[in-house]
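The listed protein sequences correspond, in order, to chains A and B.
Reminder that position 191 of the first sequence reads as 191 in the working numbering, one-by-one numbering, no gaps.
Reminder that position 71 of the second sequence reads as 71 in the working numbering, one-by-one numbering, no gaps.
Quick caveat, the hints were computed from the structure, so don't treat them as lab data.
It is possible that some hints are incorrect.
To be verified - Pairs of lysine-lysine residues, derived as DSS-like cross-links and limited to a Cα-Cα distance of at most 25 Å, are as follows:
| # | chain 1 | residue 1 | chain 2 | residue 2 |
| --- | --- | --- | --- | --- |
| 1 | B | K123 | A | K3 |
| 2 | A | K2 | B | K24 |
| 3 | B | K24 | A | K202 |
Listed here are the chains, written in short residue letters.
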Amino acid sequence: MKKLINSPENVVTEALQGMEAAHGDLLKVHFHPNFITRADAPVPGKVAIVSGGGSGHEPMHGGFVGHGMLDAACPGAVFTSPTPDQVHAATMAVAGGKGVLYIVKNYTGDVMNFQMAAELVLAEGIPVESVIIDDDVAVQDSTWTAGRRGVGATVLAEKICGAAAEAGQSLAEVASLCRKVNAEARSMDIALNSCTVPHVGKPTFELAGDEMEIGVGIHGEPGRRRGKLLPADGIVEMLMDPILADLPFKVGDEVLLFVDGLGGTPLIELYIVYRKAAELARKAGLKVTRNLVGSYITSLEMAGTAITLLRLDKELTGLWDAPVLTPALRKGV
Amino acid sequence: MASISSDVIRRWLHLCEGVFIEHKEELTELDAAIGDADHGANMARGFSAVPAKIDALPGADIDGLFRATAMTLISQVGGASGPLYGTFFLQAARPAAGKTELTLPELCACLDAGLGGVTHLGKAVVGDKTMVDVLTPALNALHPRNGDSLDLVLTRAVEVARVAAMATIPLIARKGRASYLGERSAGHKDPGAASSELLLTALADAAKT
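So that you can see chain B by itself, here it is in the shape it has in the complex (with noise of 0.2 Å):
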């Protein structure tokens, strides 16, 4: 089975620079009808500050690269994207330590530390309506079964984001500021979820290129 380089990596923070500046105002649409309307701003924000970061790094190391996306997501975003984008990649770095290149398993075994991070910081659970919605099936449909190739479950991930991010908007938010709409936050796509649809479709173009 194909591994995943730490160019790949590098790639995937990259596209996610445009990827977020090009989504800037859907994101933030959606956050205007149950939130504050800056989640846009701030993803492309913090991901236009990323690649610099990375760049300045010396080595190959999948985990620096991780790490420094954690530092300038928690130092350039604020609100609650900040931490929790931050912490996914926090935490996603540690069993990449060390290493220039991740098998599939391992791949996974990063992205499930990042989302750990995330529900440790959030406390949300799926059908809270935020985006462990669209991240705990998806990296789920990223682990490979019987052999799967790595375009396989990188296909099946993306198509799994994207029909849970849709699977948000009937749902009454229960975390984050939508929350404080009660039922009248039903009916709308969250913010957090399409940002990680957004994140992990970036994550499969990179593998795929």
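Looking at chain A on its own, in the form it has when it is part of the complex (with noise of 0.2 Å):
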């Protein structure tokens, strides 16, 4: 294993560290249990909105946390789900008297942590909604497995939802705002390699140098099959199918696409993916009115991609564009 830390057992407070640091303008990092709020936390009379997730998958969550976006996020240990009282620890530092929204990825950890922690902090008097985010398309057979996996919608998500809350907005009308961009969002994930936990020192699954593991999810879990490596192109065709087909787009709907590197993947490769994805929106009849290309939802040094499209109208596209100040998104201010 080559990476660059001290000690595996050390990454994710040494990481915290190193955030608090850096944007200390903008974040307040709490240890023991860890969470990162805003600065400015709590916020009197808005909508508080507090994520989190195993690390590993940086910059979600603690990146996305500041105006405009989220007010804390829960760290847990690598790809594993924070614990319900770090969730519960966050929430009393950032609830500022108009309710909670627990936007949760659709993993049975996450599920069950951010459930016990809601009852905690009902428990106490404080108003909590959590939205379950699903939109990878590559989960098929929903009836009998966990569900879909929450991936990309995740980000949209918490861009939208952090912009309406500080628009003024009522904890269910965020909470309903989150649900709609989350039924009106798809994702589907490829793998070109794996990647390394760090406490587990090698990677979690082999891959040929010509093969790709299609449909992966964002911890390094295998995906739903493995195929021959494709030429890039190839490659988008396999992702923008499944995701067109599954949203039943129309002709002439405004679309957000996404394109998401998983770590591993230069951004000059996410343009190649951009290029081909627009190319299969706009055949299939969709206006590509707004984008985001980076990597936001990575999994560690795993080499791939990740491609979300969201329907857009007039309510998220101006949520969208409001200001944002956080460490990894920032644009309006």
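Hints are included, so try docking the two chains, each in its own frame, into the full complex.
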């Protein structure tokens, strides 16, 4: 294992210390239990938005804490969901009197830990709503599985709901908006290689030089199937076809096209992906009116990409364009 | 019939620390094959924190031991295994309220209540390729019939757990992260089933010591 770390046990703590040192103007980092809040939390009279998940997906979620996005993020151990007391403590630190929204990716552990935290918080009289993000079309057989995973739509939901909360919307309104973003978004991932969890020390799975893992998750969990490596255009078609087939996009719909890097793929390749994905969206009769290109949800150093399409309307476009000031996403300020 | 003292329960929870440290890599390997390679580290981290918590308890009430174990696992482990094993011990504490020793039927009532908590939270049924595949038949085997001795039922439960964990290998997972693999989850032992077998084996070892 070749990593820029000091010891596997200290990876999360030292990374959080680094975030605190780098972004102290925007964030406050709390240790034992670990959580990150925006520097001006709690913001009175605003719905607070809390998310979290395993570490190893940076910049998600800690990098999205700040004005116009998250109020708090709870990082678990690498690829392990945070514990209920982390989420509870983070919630108490950011609740501003207008309730709290949990944005939870659909993984068994995340759902259970946030559910237990919500029960603790509700018992203290703070209104909480949880919205589960499940946009991954690679998971097909949802009646017989834990359901679709939450991937790219998570970042879009955090941005859009953050803007709505900033604009003074109520908890019910922000939660309903979050469900709308989830309902209108579809994603799929592909990996060119695996990743190494620091405390494991070797790759979670092995791929031969000419193989790729299709429908991979963001935790290095193997995907739905393995295939021969294709040129970028072929891979993009393989991702876009199920996305376009799953959501009843209509000719003329406006969409946001999000091309995400999984951690080990350079931006130059993400733009090659974007080029083809935008072309395919156009051919399907869609108007790509907004986009996001970069590594926002990663799986440590995994090489690969994820494509997310979000159908936009006037409301979503307006909230997407609203100012945001976080370590990883900044515009309009 | 012999009863199970709070010393046995304490010894069980202490033994778990060593067991999960010893089997950390094995559980992680199983999890890497069909999940996300964190189960071994999570179980070891959680159960390593348990001895200090239960040793700090003044009394010998078994429900207190179970509850402290539950809270430690819930706060230390994360993932799905933290809430699930945490709930197991939290629910197991209820039938043990105020007791410093348990008859075998009382122990069964505790562990059955624990399993009830797990299935309520995780919604898994036997055959989904989860810890429930092991706990359900093994706890059933623990129930004494016709005056079975404690040693006999423990031996039986451990054997049933071992077979049940092996029996998860050909199954297609329908719960948890392994379910994303669909048919590719077949051919691997479920890590949660494996950790449940270890947990019950440690109980038998503690009771027989």
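Which numbered hints does this structure break?
-> 1
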